[in-house]
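Trainee: In terms of my numbering, the sequence shown has 68 at position 1, counting the first letter as 1, and numbering is strictly consecutive.
Among the hints, a few may not be true.
[What the hints assert, rightly or not] Label pairs and their computed distance ranges (CB to CB):
no., residue 1, residue 2, range
1, Glu-90, Gln-125, 16 to 24 Å
2, Asn-113, Ser-75, 26 to 34 Å
3, Lys-112, Ser-75, 26 to 34 Å
4, Val-124, Lys-97, 15 to 23 Å
5, Arg-137, Asn-80, 17 to 25 Å
6, Leu-114, Asp-78, 16 to 24 Å
7, Asn-113, Lys-74, 27 to 35 Å
8, Ser-110, Asp-72, 31 to 39 Å
9, Gly-87, Tyr-129, 13 to 21 Å
10, Ser-110, Ser-75, 28 to 36 Å
11, Asp-72, Lys-112, 29 to 37 Å
12, Asp-78, Phe-140, 15 to 23 Å
13, Lys-138, Lys-74, 13 to 21 Å
To be clear, the hints were calculated from the coordinates, so they are not data collected in a lab.
Values in this document were obtained by computation on a predicted structure and should not be read as measured data.
Note that CB positions come from ideal geometry on N, CA and C, so glycine has one too.
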Amino acid sequence: MEVFDIKSRIDFNLVKKIFGNKENAIGFFKEISKKNNLDSFFSLKNLKSEEIYNLIVQKRNYEVALPSIRKIFKEIKKFQRGSE
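Construct the complete structure from the given sequences, taking the supplied hints into account.
Mentor: And the structure:
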């Protein structure tokens, strides 16, 4: 298993593991848009999962993204099952 500092580098495979599916990734963009007072990032529903994950890699800002990722992760079923 490769170990690296996600503050300085993130890749497609890690983003895919973090979000798990397209809907969680779209939820992340919605959360970031709310924090930055944006009406919408752009239409993501027409994009494939891989395209959304690549956008996250390209556009990410660790300090801004971390609270949103934590919030989304705590809301997904996978986390809720593990915390019971």
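Trainee: Which constraints among the numbered hints does this structure fail? Numbers only, ascending.
Mentor: Violated: none.
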